[in-house]
Every structure is written in C-alpha cells, then in structure tokens.
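Peer 1: Order-wise, the sequence lines are chains U and B.
Quick note: the first sequence, position 211, residue 211 per my numbering, numbers continuous.
Adding 347 to a residue's 1-based position in the second sequence gives its number in my numbering.
Hints listed in this document are in silico derivations from the structure and should not be mistaken for laboratory results.
Don't take each hint at face value.
[What the hints assert, rightly or not] Far from chain U, some chain B residues (derived; all Cβ distances over 12 Å):
| # | residue |
| --- | --- |
| 1 | Gly374 |
| 2 | Ala387 |
| 3 | Gln584 |
| 4 | Glu608 |
| 5 | His625 |
| 6 | Val657 |
[Unchecked claim] Incomplete in silico selection of chain U near chain B, CB under 8 Å:
| # | residue |
| --- | --- |
| 7 | Ser12 |
| 8 | Gln15 |
| 9 | Ala19 |
| 10 | Arg22 |
| 11 | Leu23 |
| 12 | Arg26 |
| 13 | Lys184 |
| 14 | Lys187 |
| 15 | Arg188 |
| 16 | Ala191 |
| 17 | Ser192 |
| 18 | Met194 |
| 19 | Val339 |
| 20 | Arg342 |
| 21 | Ile343 |
| 22 | Arg347 |
A virtual CB, placed ideally from N, CA and C, is assigned to each residue, including glycine.
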Amino acid sequence: MSELMSKLTENSLYQLTSARFRLFFREPEAVFWIFVFPILLSVGLSIAFRNRPADVLQVGATTTQLTQALNANKGLSAKTIDEASGAQALATGKILLLAVQRPAGVTYDYDDTNPDARTARLIADRAVQKAAGQRDSIDTANQQVHEAGARYIDFVIPGLLGMNLMSSAIWGLGFAIVEARQKKLLKRLVASPMPRWQYLASFLLSRLLLLVIEVGVFLTFARLVFGVPFRGPIWQLALVCILASLSFSALGLLIASRAKTMEAASGLMNLIMLPMWIMSGVFFSASRFPNIIQPFVRALPLTAAIDALRGNMLQGMSLNNLVAPIAVMLAWLVVSFTVSLRIFRWR
Amino acid sequence: MLAAERNNGKAGESSALAIRDLKKSFGDVTAVNGLDLDVARGECFGLLGPNGAGKTTTIEICEGLTVPDSGTVELLGLDWRHQANALRQRIGIQLQETQFPEKLTVDETIRLFRSFFDKGITVEQSIAMAQLEEKRKSRVGGLSGGQKQRLAMACALVGDPELLFLDEPTTGLDPQARRNLWDLVDQLKGAGRTIILTTHYMDEAERLCNRVAVMDHGKIIALGTPKELIASIGGDQIVEFALSDASPIDPAILTQIPGVESHRIHAGLHQLFVGELHTTVPPIFASLEAQGAHLSEFRTHSATLEDVFVSLTGRNLRDE
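The following block holds chain B by itself, in its conformation from the complex (with noise of 0.2 Å):
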C-alpha cells in the first residue's frame, strides 16, 4: 500500500494544508495579502489566477522555498520552521521551470531524485507512472516538452508524497500533452494522494479539481467547486453578441425576460447570462429586432471559470 493511501482516510488527521493569514512583500510589490485557506487530504485543489496573481508566491510558501513576511502555514500537521526535513520527505514538488541537465538520461535522473528519499516507489515504478518507459534511456536534451514534464512529475513522485505540488504543469504544453498530463494527474487523484496545482487555464481546472480558489491581487476573491463558482455568476449559459453599427439598445429590456439573469459589455461584446438558452434566445431575438439593432455577431457557450473570474474582476485572465 501507498503512503499516501495509509495516511489517507485516518480519523482526526490534520488538514493536508492550513494557511492563516499569509503575507509576503517583494520590495514596493505585495504578493501575497493576508490568505486564508485549508486544504482536506485526498482532494485535488486548484490555485487559479492572472499572472502575478500570487499564486507561485504562495505555492513557493508551501513548498518551503519562501520564508513568509508573517502568518502560519502547516503541511500535513508540520511546519517549516520546526520541521522542514521531515516535510521535504513527505511532499512532492514539481517547479515552474526547472530544467533537468540534458546531457544525463531519464533514469539517471529520477535515480538521482530517488536517493534524496528515505522511502518511495522505484525507479521504474515511478518511469511507468509517468509513461516514459521508452524514453528511459533517452537523454533529458532530447526529449519532448511534454515529456520533460512528464520526467518532472516522475521526479515528484519517486517519494510517494502524500502532498504533490504542481506549479503551472501544463503550461506551454500542445494539446495532446496536455491531455496526457491530465489523466497522469487523474491516475494520481485516484491513489488518495493531495494535491494542489496552479494554473491559468480555466478548463485544467475544471476538468481536474475538486474545489478551486481564485486569487488576484494576492487575495483569494472566490473559493469553491467549480460547480459552485459558475452558479454564483448566475445562469449556466452565457449569450454574446456584437452590433453591426452603434445602433442603441436599451439593456434593461434584455433583462426583464424570463431566464435572463444579468447583462454586461465586455471587451465590444454584449454578455448576458441567461438560465436556459432554448427558452431565453428567440425572445433576446425579438427583442433586438423590436428594437431596431443590426447583429453583426452572435453565439453562446457555457458558463466556465473564465467567465467566473471575468465576472469577479471585469478582466480576462491572461490580460496583462
């Protein structure tokens, strides 16, 4: 049985993560401001927000790589201050960019990795995890992006952490990597294991957590399932369109039919958030013909996070 599948389940365990009130300042700029947050074992949990939200501040807090300006931050019931060699044995990390010498092989490096640990899975355990079997003896110069990261997460894993960090996983990955990552990270959740991913995709979230938290500012601005964080927005469907020319409509109409929840323009396009879409699109159709106004564009989607944190913050998340 895995660490992480003893730990796991235990009645009156510590939380996976505790964080109280968080600070940290670079010079003039506050990264992080005052977070709270707890983390149950065995979840999957989400960080999300823009760049430079403070994510990978409060993620390097975690991963004991930063010391706090103040505020506490327990792992696993330890902390880094009293404990920290006991907690680098019982997580695993992988970094925003770390790039593993290119001139060793993919076994030679989760080898070396694996001797840092006390306890764990082999190195061959830990390749067919991360499905490098036939890039085991492949130099890390040769591989793949995806593939590099794929070696990363090998090299997190090769502990048997109970708690995994991911900072990032996916970024600058194509599609299919991308995808291949996912159901690692899927396989990994189904061991029982913790972890806590950062990320700026919002369907990588989605898609792979339990409870998600939005941080901008270096604050959390909404916490939750993502399930949770879409109804907040009201309405599951979101109705988009562009005028031809600046014929004025009169929003208010939109809003008093049934099942349309909330108008609002952003970045040239007029958004309403609406209940049902069969039952809310032939009238917004009336309604702007009634009115005199030229659709130049119009589509639908469902709600998603982005349209959460659009909502939250007026921004997009990868604006600048």
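Next comes chain U alone, as it looks inside the complex (with noise of 0.2 Å):
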C-alpha cells in the first residue's frame, strides 16, 4: 500500500497537479475571487432585488368625506390636505395623488408617467365609486403566488454560477500559463523529460478537483440560504458544470497559448470575456438583445453554459433537450483545445 502511494507520488502527472493546487491556495486572492466572490455577488443581489409586499400608497384628498372613502381600500393611507399644500405634496413625492372634489365630481391630480401613481390612480377611483355605491357585477378572488424558481434570485444563480465557471477557468489557466512563460519556466520544463501533455493535462485536472469545491459551495449556498430548485437531474447538472469548465479552460488555454507578458494576457482576457458578462444573460436574459444578434449571443460558450445550467436547475430539462447548448460548449472546446496544442508557444 505504501509502495503503491510513494509510485503515485513520484509520478509525474501527481507532482505537477499537487503543484497547481499549491499554487492555487498559496494565491489569497484566487481563493477570495473563486470561493467568496460569487456567495458575496449572490448575497448582494438577492437584498437588491428581493420581493417586497406591495406597499400602501401615500395619496391626499381634499375633504374628510374622500379622506374616509379613500382609507377604506388597504392599498391606500390617506390624509386629508388642502389643495395648494396638497400640490406641493405632489411636487416633492410624499403623496402619489391628490384627489379634489369640485362641485361637478372627483379630478385625481398625479403623474401619470409614474407606474405608482397610475396604480393609486386606478384604487382611489375604485375606493371612490365604492364608496357612492358602485357593486362588482363578478365576483372574484385574489390568490398569492410566491414559488420558488420564479423569483430573480433563482434565475440568476445559474447565471452566477456560469459566469464563475468561466473567470475561474480562464484567469487560472491563462495567468498561471503566461506567468511560467514570462518567468521562463516553461521553457525550463521543456528542457527536461517532463512530458509535455501532462503539463497541460495538470491544469485540467487541478481546474476539475477545485471545481467540485467552488461549485459545492457555491450551489449548497444557494439552496440552503435562498432555497433555490434544482429540478433536474443533479448528475447531469455536474456534467454541464464539467463540460462548461473544460470549455473555458480550452479557451483559456488558446488565450494563453502565445501572449508573452501578463499585461498583453489579461487584456486579452478582458477582451474575450467582456461581451460574455454584458450578452450571456447572467444578470437578464439573453434574448432581450435584438434578433440581428442573436446568433452572435447564441453561439457564446457562456450563454450556452447558461443555458444549459438554467435549462437544469429552473426548468428540470435533461440533456436531451438541451443538446444545442451542449453542443455550442463542446464546438468551443475542440477547437480551441486544437488550435492552442498547435500554436503553443513553449518559450
């Protein structure tokens, strides 16, 4: 048994993973932007855009007799105002609408560009007509819909999460591969018997067991802090993860495979992963970007690895139906896993 764990740790494939992880937790802020990051982002966004109760609307009348008839519907909290204070009221916003009784009837004074005011404007004149008598001709009933998976936390997680899975793969590989290049390591290791594809092959490994971290942590925080679904299969959701990280960090490798210098590396990585954050949809769908770019959008290795996560987890789709995606991600990986072994600059 421990014959057999000192061949493992002489080999050379073990050596040269065991040092990428190193490397990689000797990094404080590669674990801060891998780990923490995306659980703070998360954290930040769901306060930002959680679901609020609808709120009462502050409105003004002008006699007591509205004022009642207004305070009647809960949606509204009344005060009765006379009509010059109750047009300042309305200039400085602490009342979403006056209403004047004049001798012919009821006029609402408000801004009928705010969706609020339109929306006070539409339960003050219910309120009132209740009030002089009016009956519903139908009745009806109001039931409350807050399900899990239709909330913007739930869609954007995978969003998240996809976009993580490309800066951690692209920043790991690309940085640490220009930075050897730079300090002329690589070509010191091509001096030696090491064999070049384990080289490689070590990034893909190193990037595949820290991925099960990152992608653990990040998805149980999910589920246990905001209690998103995941509806479908979770062995496929962990392949659409692996394929996903392996696509980036082909192109991260393509990125990394001729720049010299770190300063020339990073902005093409900027460059590269740019439009991703702003058109893959990790923030708002993708499809709010006009049709004539649509293909564009769709053929982006991040919105297919979107895609595919929110095809997943939100609508418990498997594999079969996600083939497009699937297959824009594999498109991304052999081509650039092709075109890097080729043009690979070693020194």
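The task is to assemble the complex, starting from two chains supplied on their own in separate frames and drawing on the hints.
Peer 2: And the structure:
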C-alpha cells in the first residue's frame, strides 16, 4: 500500500497537479475571487432584488369625506390636505395622488408617467366609486404566488455559476501559463524530460478538482439560504458544469498559448470575457438583445453554459433537451484545444 | 555508483559532445556561424565570449531547445532529432533566467523535477549537494540570489546527469555566492561528469575549466587549456603604464628590451607582454626615463584569459 502511495507521489502528473493545487491555495486573492466573491455577489443581488410585499400608497384628499372613502381601501393611506399644500406634496413626492372635490365630481391630480401613481389612480377611483354605491358585477378572488424558481434570485444563481466557471477557468489557466512563460519556467520544463501533455493535463485535472469545491460550496449556499430549486437530475447538472469548465479552460489555454507578458494576456482575457459578461444573460435574459445579433449571442460559450444550467436547474430539462447549448460548448472545447495545441509557444 | 561514474572511462565510448559546422540565424542576425567542437567525457569545458557572441544560442541548440539551421550535434552519441526523450533523461540543464514558482518550497520544487526522471539521486541527496538543507522548507520567493542559483543546480542534478549544461551560472551573484557555486562545480567534476558551462567571467573559466573555447561573432576564435591560451599571447605577465602628458615615446625601443614580447595600446594604456617581471621592469623604467616620458600610472598583473580575449579581438569582454 505504502509502495503504491510512493509510486503515485513520484508520478510526474501527480506532482504537476499537486504543484498547481499548492500554487492556487497559496494565493489568497485567487481563493477569494473563486470561492467567496460569488457568494457575496449573490447575497448582494438578493438584497437588491428581494420580492417586497406591495407597498401602501400615500395619497391626499381635499375633504374628510373623500379621505374616509380612500382609507377604506387597504392599498391606500390618505390624509386630508388643502389644494395648495396638496400640490406641493405632489411635487415633492410625499403623495402620489391628490383627490380634489369639485362641484361636478372628483378630479385626480397625478403624474401618469409614474407607474405607482397610475396604480394609485386606479385604486383611488375604485374606492371613490365604491363609497358612492358601485357594486361588483362578478365575484372575484385572489391567490398569491411566491413560488421558488420564479424569483429573480433563482434566475441569477445559474447565471452567476456560469460566470464563475468562466472566470475561474480563464483566469486560472491563462495567468498561470503566461506567468510561467514570462519567468522562463516553461522553457526550463520543456528542457527536462517532462511529458508536455502532462503539463497541460495538470491544469485540467486541478481545475476539475477545484470545480467540485467551488460549485459545491456555491450551490449548497444557494440551496440553504435562498432555497434555489434543483429540478433536473443532479448528475446531469454536474456534467454540464464539467463540460462548461473544460470549454472555458480550453479557451483560457487558447488565450494563453502565445501571449508573452501578463499585460498582453490580461488585455486579451478582458477583451474575450467582456462581451460575454454583458450579452450572455448572467443578470438578465440574453433574449433581450435584438434578433439581428441573436446568432452571435447564442454562439458564445457563456450563453450556452448559462442556458444549460438554467434549463437543468429551473426547468428540470434533461440533457436530451439541451442539445443545442451542449453542442456549442463541445465545439468551443474541441476547436480551442486543437488550435492552442498547434500554436502553443513553449518558450 | 552514480551513472556519471559508470559511463565515464568506458573504452571506445562516443565523446560527450560533437558539433559539426553548426549554423543558426535569427532573421538578419547570424548567431552561430559554422561552429565545430568536441568535448570529451569527464571534461569541464568552458564556452567564453562577450554578450551576443553566440554562446547561449550554441548551448540552447545543444540542450535541444533551439533547432539549428544546419550542421549536426551529437550528445553522448545520441542526436536530438531521433532520441530526444532518451537524451533529456541523461542531461542536466541550468538555464540563465529561470524563475521557479515563488510559492513552492525548495523541497517541493526539487521533488517536482525529480518526478520527470526515470532514474536519479534522491531529493535529499540533491538538496545536500546544493547545500540547501537549511532552506528545505522555505519558499523559493524568500531565497537569496545565490540560493536560487543553487536550487537551479539541484534541479539540474536530480536526474544524475552524465552531461551537465550550466549557462552563466554565477552571473549576478555576489563574490561569496560565486565562490560557493565554484566549490559545488568542483565537487561535480570530482564525480566524473562532463560539464559544459558558459561564462563571461574569465577568472571563472580559469578556475573551473580543463579546456575553454573563446567565441566571438558566432565562431570559435581560440581553443585550448587556459594555460595554453595565455601562453599563446606571448608573455605571462603584463606591464601597463600611462603617461602624464603627450610625451612621444617609441614603442620599438621598448620591444627591443630582452624579455619584452610585444607592445599594444589598449583603452589609453600602453601594454607590454613580458616573460619575467624582475628582469624586464628595471630596463623598461630606464628606457622610459631616457626618452623623457613622465609616468602617471604603472602597474603589472599576471596574464589572464581576459588579456587573451583583448589580444584576439581588441575589445574587452564586457564591452557592448
């Protein structure tokens, strides 16, 4: 057994992979960006986009009779106010609507470009009409829906996961390789009998092992804190994560295959990742972009990754129904990897 | 027994290194221009020359890192085109500017390199040879320049190479660290390895090498033991003097003095190559006085490889 262990630890692929691990965990910033940042981001977003109970709308009325009629509706909070100070309260946003009693009836003063004010207008009119004796012609009932899976946080968690898979793979691979090239370590390594494929394989292996921790921590957090649903099979979700991470790693390898300096590499990485941060639907649906650029948006690996993640987690789709995004990711993986092996600069 | 010892001394073995008509250009610049060289097993061979002479290109071709335009290179009877993997297992390499990952420890770095070799010495032996025992658990980023260079040596030695390439091993080191590294090279020579090193320090080559080749403009311009090369310029000693004013002197009168081999002016100094100081210096003084010259400076030193280079090229080694 111990002989087997020492055989393993003397193996060059094992040594290369554990060196990658050590270098990663000895870099506190990298650990922060990959493990802590996505959690902080999802907490921040969940606070900003939390589903609030419907607000009570502030309104004013010029007579006590009108005020009573308005206060009868739970959606409104009315106070009596004269017309002049009412106009001022409207202008400063203290009230959304002012109901003025006229000889001919009631006038509503409100800003019709403000959705809340339009809502107040509808509720106020209904309250006034009801006080005047209007009755509903049909009985209606309300059923409130706050279902997990339909909230913004449910939408954004797969997006953040996809973005994190992309950044960690591209930064992780790209920087480490370019740094080794710049410091002439790559040149020293290829002068040794190290099998070259093992050097590249050690990056993919360490990436996959880190992925288990990274995705595990993030999704456990999302499940426990936000109750984000997992409607598709978990093993298929794992496969999608692995495929996404591999295609982003191949892309990172491609970016790093020629660059000689860190500056050049980081410029190139930003250039490649920026369109995806904006267009791939991390924070809002990618289908909001005009039809004319949709083919481009759909061809981006991050769009494909996020579509597949959302399809699995939110819609419970199986792999058979995710053929298109999976094909896109596979194509990126194969093309980037093949090209980078051909053009890779070892020194 | 170490592999290097086993292979050394076998009768009829191929030489450690055989280069024939090697050429390499980068664009318009000819780095190596028709180079021939043989290095025997067990030798410590020095490749000298100023920056840009083609030393590093030559050594990188030998290390299999650069492909030559034409010519052949044979190491230990093998060549890079057909037996690259076997060759990499048998040679040790220290490159000029390698920076090892700063956040790995000395032990982890050497262990990583050890894993690339089928056979070799243990990590512990390699650390002991490079005298890094105390730094074993330290991170590479915290090492001094000399310690980093010894780590590079340890990584070069861990596969127990028969042939060791050292590219400017002491460049940028302080005098104490240089001397430590020289002691390490001495130790390796003792084990019967072939060592090929480049340097632009002539004292280093004189101290370490059995034979040296002086390179300039991609060619070897002198080859031999340090003693032979120094003897080739005529005179073991150099007398240098400067005159306080433009007093005209006739060098021909000086070279007629018995024991004075030659005269040249280098960097504003008159240089006389002489056999023995005690028989030549008094007549030189007398002759200068007779010619009415006023000395502002007068000194002597033993001839070095530096003087060999100056006499061959008219330039200093570190002139750009």
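Peer 1: A separate judgement is required for each hint: does it hold in the structure or not?
Peer 2: Do the hints match the structure? See the list:
1. Gly374: holds, 17 Å
2. Ala387: holds, 23 Å
3. Gln584: Non-interface label on Gln584/B holds, nearest chain U Cβ at 42 Å vs cutoff 12 Å.
4. Glu608: It holds; Glu608/B is separated from chain U by about 45 Å at its closest Cβ, greater than 12 Å.
5. His625: holds, 51 Å
6. Val657: Non-interface label stands for Val657/B: nearest chain U Cβ at 32 Å, farther than 12 Å.
7. Ser12: holds, 4 Å
8. Gln15: Holds: closest Cβ of chain B sits about 4 Å from Gln15/U, inside 8 Å.
9. Ala19: OK, holds: Ala19/U within 8 Å of chain B, min 5 Å.
10. Arg22: OK, holds: Arg22/U within 8 Å of chain B, min 6 Å.
11. Leu23: Hint holds; Leu23/U Cβ to chain B Cβ min 6 Å, cut 8 Å.
12. Arg26: holds, 4 Å
13. Lys184: Hint on Lys184/U: holds, closest Cβ of chain B at ~5 Å, below 8 Å.
14. Lys187: holds, 6 Å
15. Arg188: At 4 Å from the nearest chain B Cβ, Arg188/U passes the 8 Å test, so the hint holds.
16. Ala191: The hint holds - Ala191/U has a Cβ within 8 Å of chain B, the shortest such distance being about 5 Å.
17. Ser192: Holds. Min distance 5 Å.
18. Met194: holds, 4 Å
19. Val339: Val339/U check fails; min Cβ-Cβ to chain B is 23 Å, beyond 8 Å.
20. Arg342: violated, 17 Å
21. Ile343: With a minimum Cβ separation of about 17 Å from chain B (threshold 8 Å), the hint on Ile343/U is violated.
22. Arg347: At about 7 Å, which falls below the 8 Å cut-off, the nearest Cβ of chain B leaves the hint on Arg347/U intact, so it holds.
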